[in-house]
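These are the residues of each chain, in order.
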Amino acid sequence: MSEMKTAAYICQGCGIGERLSAKQMAVVAQKEGKMQLVREHAFLCSAEGVQMIRDDIEKEAVTHIMIAACSRRAKTEAFNFPDVTMTRANIREGVIWSQPEGDAAQEIMQEMADDYVRMGCAEIKKMKLPQGTPDKAQNKRILVVGGGISGLTAALESAEAGYEVLIVEKQKALGGWAARLWKRVPAKSPYTDPIDTGIVDLIASVTQHPRIKVYLNATIAQTSGAPGRFLVHIATENGAAATEEVGAIVQASGFTNYDINKLPELGGGKSQNVVDQAGLEQLAIEAARQGQPVRRPSDGGEVSSVAFIQCAGQRDESGKHLPYCSGHCCNTSIKQAMYFKDSNPGIDTVVIYTDLRTPGMGEDFYRSGQNRGVTFTKGMVSEVAAHGNSCTVKFKDIILNEDSSIEADLVVLATGQVPNSGVNIDLAEDAQAEAKPVSILNLTYRQGKDLPQLKHGLTDSHFICFPYETRRTGIYAAGPVRRPMDIAQATEDATGAALKAIQAVENASLGRAAHPRSGDLSFPIVRLEGCTQCKRCTVECPFGAIDEDEKRYPVFNESRCRRCGTCMGACPVRVISFENYSPDSIGNQIKAVDMPDEFSEKPRILVLACENDAYPALDMAGMQRKVYSAFVRVIPVRCLGSVNTVWITDALNGGWDGVMMMGCKHGDDYQCHFIKGSELANYRMGKIDDTLKQLGLETERVTTCAVAITDSARVAQLINDYAAKIQEIGMSPMKGFA
Amino acid sequence: MTTPIATSQTILVVGGGISGMTAALEAAECGKQVILLEKSPTLGGRTALLYRYFPKLCHPVCGLEINLRRLKGNRNVRVMTMAEVSRITGTRGKYTVTINIAPRYVNGNCTACGECARAVSSEIPNPYNYGLDKMKVAYLPHDMAYPLRYVLDPSAIGTADAEQARAACKYDAIDLGMQPETIELTVGAVIWATGWQPYDAAKIQPYGYDRFPNVITSLEFERFTDLRGPTGGKILRPSDGKEAKNIAFIQCAGSRDENHLRHCSRICCMASLKQTQYVREVYGEEGKSTIYYIDIRAIDRFEDFYQKVQNDSTVKFIKSKVARVAQDGNSGDLILHGVDTEGYHRYANNHDLVVLAIGMEPSVKGVDIPAEIIADASGFLESETSGGIFGAGCAASPLDVNRSVQHATAAALRAIQVINKTAGVEI
Amino acid sequence: MNELNIKYHNNFLKEVEENIEEGEWIKMCMQCGVCSGSCPLGPYWAHPPQELFMMIRAGKREQVLRSDSMWMCTSCYNCVVRCPRKLPITQIMHGIAAYANNLGMAPKIQPTRDFSILFWKNCTRTGRVNELRLTLGLYFNDGLVAGIKKGWAMRNIGLGLMRAGRLNLFELFKGHECKDQKGIHAMLKKAAEIEQRHKHLTA
Amino acid sequence: MAKKEYAFYPGCSSQLRASAANYLVSTNSMCKVLDIKMTTIPDWNCCGASISYAGGSELSRLVMNARNFALSETHLPDQDIVATCAACWLGAREAKHKLEASPQLLADTNEALHEAGLNYNGKAKIRHMVEVLIEDFGYETLGKPVVKPLEGIKFAGYVGCQTNRPFGIAGESFENPKYLDKLIETVGGEAAIQYEQKVTCCGGALAFSEPEKSQKQIRDIVESAYDQGADMIVTPCPLCQANVEVYQSEINKKYGTRLAMPVTYYSQLMTVAYGGTAKEAGLDGHIIQPKKLQDIADKQL
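Chain order of the listed sequences is A, B, C and D.
With my numbering applied, the first sequence covers 1 to 738.
With my numbering applied, the second sequence covers 1 to 427.
With my numbering applied, the third sequence covers 1 to 203.
With my numbering applied, the fourth sequence covers 1 to 301.
Wrong hints could be hidden among the right ones.
Over 10 Å on every C-beta distance to chain B, these chain A residues come out as not near it, computed from the model [said to hold, decoys possible]:
1. S21
2. A241
3. D584
Cross-link-like lysine-lysine pairs, in silico, DSSO-like; alpha carbons within 27 Å at most [what the hints assert, rightly or not]:
4. C/K60 <-> A/K396
5. C/K149 <-> A/K394
6. D/K96 <-> C/K179
7. D/K4 <-> D/K144
8. A/K725 <-> A/K665
9. A/K455 <-> B/K308
10. D/K144 <-> C/K86
11. C/K149 <-> D/K37
12. A/K128 <-> B/K308
13. A/K396 <-> B/K308
14. D/K123 <-> C/K189
15. D/K216 <-> C/K150
16. C/K179 <-> D/K216
17. A/K341 <-> C/K7
18. C/K60 <-> A/K394
19. B/K170 <-> A/K23
20. D/K148 <-> C/K150
21. B/K72 <-> A/K665
22. B/K308 <-> A/K665
23. A/K676 <-> B/K56
24. C/K86 <-> A/K188
25. C/K149 <-> D/K279
26. D/K254 <-> C/K150
27. B/K72 <-> A/K136
28. C/K86 <-> D/K96
29. D/K216 <-> C/K108
30. A/K341 <-> C/K179
31. C/K199 <-> A/K270
32. B/K72 <-> A/K125
Calculated directly from the structure, the hints in this document are not laboratory data.
No residue lacks a Cβ here, since even glycine has one placed at the ideal position from N, Cα and C.
In isolation and in its complexed conformation, chain A is listed as follows:
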């Protein structure tokens, strides 16, 4: 690419021209901003305004443009010049819409606008057009870990889309739990009868598929690399090892049934006639094979009454058992009660539940169960006592409000799903040893062998808007391993995960970022010669993208990187940067503002705002004409995690009177799109107090606040309160020293 030619465009539209001197902004761009080309326009986003810019790019070979107009969030279709480097100074939402009308405010408002122009010019000169990472890994094969219904579905759906697939299953046969069911709950109209699991056909179409290769009795011994170039060592039972390269991974390692021996009070392990739902499926399959009804395990006697106990060892608040609900169990018990009713309507079947959970069309299945004569009773079971060939189920009948009991030949405990998540990388090694977990993926990642876990040992996934966003790019959890679920949902989930895997390999092959900065071609560039091997970047990267080589230098795996810049924020020696986002691109903006002297009574407050939530909130404050102090200068950042403390110290040294950082909520219900960014910023700022004291500054001169995107009114208030506080503690003594 040829050498840099800069241009600045000042829009006069939307009242900018009326309320500000565009002329002066142009002068600032030219004189101070040193822009080689400066143009004003009455209506820059109009067809001919845009054409003017295009012509400059074509004829004048402009490579870097600074647009002073509306927010970078507005008019994105018009201001779309993919071949040049661009930044935008937010004069509309950020200045005229957030400042009061009238001459009184005129001067400081103009100063605000001029500063934004200065900052834009300073930034653009430090930006480059991202070329995309040279690490464009081309392998597009999908590895599916687990051959249950989730894994098989993910495999088949990927293959049907034209992708090569590899399945690694630790058992000797495919099918998982689904293969151990007699029938399944219906997922299509009519929702009235148990239906065939279809697992046989599914296995057949997978094994016969030309694009699917299957490893049985096999586990993953090691996984290294990154999307587009994962290297996987597969260990098979017979000792034979294989190495395969894949582009992305779907982890469908499934679940294990909660151990009913942990439920002795419910007869678990006490009697053959007390089984879990899986146990009953086994009996049903056995009976079907012999063409006779289900017999009583203890003596092969006839079964005349069956009790189903819901939430056995689930929804437990005592901390002894599973705290969550496994979602499928109500429908499953209804289905199993139907097994009996269909073989002999005379058999009494009672389902004891506290909340019957059959969402959606499951309600029809519930009705169908009642219609067959299955009895449902709201109750809390206290004890199952086995005697001889029968069991007494003692329970509190919640509707009839009395202690009650049922005699049953067979008792089925609806126990829950325990995810096969592998090792919990957030636990200390010794704690792990105690839990004796077996790793699923055996990642060679610096941050641990498996995907991080969420509450209850469920495998990572961002859980409302973006269910597949695990913290390990290119590795997607699917099925009950990440959330308890039934077959119908697991099938959908696996299909979605397959798409994300496909997306990951496509992105990797083009050197593009994955969600949430999808399509971003910038990537972290490190000047290793300056690196002090402090390891902060490798430890703090929320996505485990950075490993270490034998010399303990960081090794960046671009296609694992999500471009949040947390590493850049972490680096004490500032050797990490992106082509279009770097310590300098922000640092220069901080230095560029025109700093009034300490007698001017015009403080300057730097606002570093998260571009995902805080910055939009500020825009909307403008749209709603919420007025805030004209002394602030806002700089959007990719994530507070990318904020390097050098910016803060530079600002304070440069005479800024206060620094505000606005980021997303952190903690349990974190809302940071990069998971730990705002949390890390908070942690780092905790440390900055010492620096402030050294500089002889009040600690209030730096503050962090959690802001939600809906806080349009609140951000203005926060700013004004902070401005008031700064007025109170007075101007920075550092002014004029810079």
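Chains B, C and D: place on chain A using the hints.
Structure of chains B, C and D alone, referenced to chain A:
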């Protein structure tokens, strides 16, 4: 409106809510060409009108912002708003879709400066607040609207307002000559993500939604607590603007009821649990929420949230389908009559406000869709994987946001399979 | 088997399904309680409908059949139109009551039961209701003295109605009646026979 | 307006000298004006009403109703059966539904009917007089003959149970039916629209057996009518009329209240509005006199 180029390699996504946007973006980020159709003037759908999501109590527009940024940065998606499908013919791999586009009367020149809104005087009920307040006939749907472009309501056409709006616009963005258009597109696969609509609460006669002003729906309640809602984030009674501190939530309002909707709408239990936390947010210990339910369906991980709310001293649970709601004379208070079935306790409870946890109906009516896609007993779409039209999100099943996104992502892959197979792609 | 160990075994439910009008609906109840809350005489029910349904499933034969509750039904059909599972609750209540009565398990003192029977006798005797006989019949149901007392207590009403031409003393001797009473009695007799016939078939 | 003909099923209470005699009188007067020809089903019998459940078996109660259908089919072919009594209408409709639903029951029923030389072939349509008025005539038509609008009278339209549930009038809600209010307005009266006891049960079925319980219902119904400033209650049901009117004195005796709320029939309102005399409107058949209505009836045009 210039007809966008579409081929048998194009995926059409119908519906610009969370499901439609997700399906479109996920497909586009796999490199596919997508046309995203929305019948209203803005993307975002119903979730843009929710105050918070369960169980994290985070804000839906936060995810919307990310999705909009994905959209702005992606050349593969072309968005058409105010556009509705009227007919689909053809088969998997080659469909012809007839689309009606309503005039917006505002063209691409619009900078969203808002001068037109200031220039007009007449107002219409604001659909983005479920008609609980008014908006100008020239309006921006909401701050997160995309495209960020004003709309001139058809009712203004031919009135002085229209002229004033046009005069006020410095950018020739108001085009009163716009006409309805009908275009035809050829696409390879279709994702049907038209979402859901609340069941007509007035039909649930015993609860008196049509008679008592202080009986509202759960969706209306979302707007009450939203800063941009009709009450600016305060929980006030429609009848007298009094603070409503003692609030009843009636579950299964329309759902699980063969007189109305035979299915369970899945989201309502969690929605009400969530809304009790709005009451706490606004009134702290002074707020009082009572949930009248048959079964609390806080499936899987949501159980945590249920337990959290159960431990909230301001929230009470009564296992009962309320028999009827009566209004207490002129006070505007409401009396709920029924029986707590846990041991048979009769009640007649007073509340300031009653929120009906209203059920979900699929919005799939009135379109001529090929037989390959069929509806279940409640009208939700059941797609045949052998076909090329796939239901996504709440058009296909009553789902919460998380499951809708999952479902839409899966639908995107099924559409991609169709596209790749017709092109004979092998990777 | 005594009631204890047949708890939640469907014997009684099956008995009810076989012998009670619309009884096969009982299993469909989902215990929402809307019926119990809708009954105008609700407060007088020891066991409201939804609870009765649960008791039937729980096998509480004695408690259900000896209960006063279902006799409280005023046939207002509130429960029927509100039931989300569309159970014909009014008819079921009548059915349970009638069945209890046939088994001789209905409470000994149960005025509604008495009135119901009396009404049927009264209207099938001549084919039409004789309102005066019906009223008096009920008053004198528990003996002469009680009857005179009640009659006296209600005398104003009676007189009022007479003055208004809405009650006619002559009804005691010859009131409204059908011509073809023979036919009516014959067909009712036949109906009884048919029902017996069906019982034997099922038994 | 073309003469319309119906098979009339008056029911036990709507006979001369029976508890709803005045309903019959006013209905006849009303029909005369509207040119409705009501031919009484020859030798009709009692429907058994819902209360007879413990006395009569399912089949015998069906047979009682089927007899009326059969008679109507034979003597008044192709005419809809019209009942004025809510209980009769409900009993008959229920019976018809059951016979339609079960071929077995229909067969059994006919086997029994043959003993009386009758047969039911399922044709007859059962309707309530109110249905006839609303569906076959419509409010506009019903308004035409009004010569004495019932100005200055506020009526509490009391629909009650059995004309309203479980079948009700097509298009009306069970909780808030509006047809009675519309009829009131059609004849120029004022309707107490806010009357919340509109569909409350009067406990009629238990009036004899559980007097204090049903009288509590009646008290609510009447007091709420007073709260609404109503001059009188109007109802389409003879049982509601009788109970609510007759027992007010009892309630006064027991509770020291001063209830004296007249309870009238829609047919009386229409008769008077159509210019009928107090006698023609059966206003002489009241225990609590509907004074304001009488005044209008007595007023010369």
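Status of the hints after comparison with the structure:
1. S21: holds, 19 Å
2. A241: Given that every Cβ of chain B is farther than 10 Å from that of A/A241, nearest at about 27 Å, it holds.
3. D584: holds, 24 Å
4. C/K60 <-> A/K396: holds, 16 Å
5. C/K149 <-> A/K394: Outside the cut-off at roughly 53 Å; violated.
6. D/K96 <-> C/K179: holds, 24 Å
7. D/K4 <-> D/K144: holds, 17 Å
8. A/K725 <-> A/K665: holds, 23 Å
9. A/K455 <-> B/K308: Given pair A/K455, B/K308 holds - Cα atoms ~15 Å apart, limit 27 Å.
10. D/K144 <-> C/K86: violated, 41 Å
11. C/K149 <-> D/K37: violated, 46 Å
12. A/K128 <-> B/K308: violated, 49 Å
13. A/K396 <-> B/K308: holds, 24 Å
14. D/K123 <-> C/K189: holds, 25 Å
15. D/K216 <-> C/K150: Given pair D/K216, C/K150 holds - Cα atoms ~19 Å apart, limit 27 Å.
16. C/K179 <-> D/K216: violated, 40 Å
17. A/K341 <-> C/K7: holds, 18 Å
18. C/K60 <-> A/K394: Answer holds: C/K60 to A/K394 is near 17 Å, not above 27 Å.
19. B/K170 <-> A/K23: Roughly 20 Å between the alpha carbons, so the hint for B/K170 and A/K23 holds.
20. D/K148 <-> C/K150: Given pair D/K148, C/K150 is violated - Cα atoms ~44 Å apart, limit 27 Å.
21. B/K72 <-> A/K665: holds, 25 Å
22. B/K308 <-> A/K665: holds, 20 Å
23. A/K676 <-> B/K56: holds, 16 Å
24. C/K86 <-> A/K188: Holds, at roughly 24 Å.
25. C/K149 <-> D/K279: violated, 35 Å
26. D/K254 <-> C/K150: The given pair, whose Cα atoms are some 15 Å apart, holds under the 27 Å limit.
27. B/K72 <-> A/K136: At roughly 24 Å apart (the allowed maximum being 27 Å), A/K136 and B/K72 satisfy the hint.
28. C/K86 <-> D/K96: Holds: C/K86 and D/K96 sit about 19 Å apart, inside 27 Å.
29. D/K216 <-> C/K108: holds, 25 Å
30. A/K341 <-> C/K179: Violated. A/K341 to C/K179 sits at ~54 Å, over the 27 Å cutoff.
31. C/K199 <-> A/K270: violated, 46 Å
32. B/K72 <-> A/K125: holds, 24 Å
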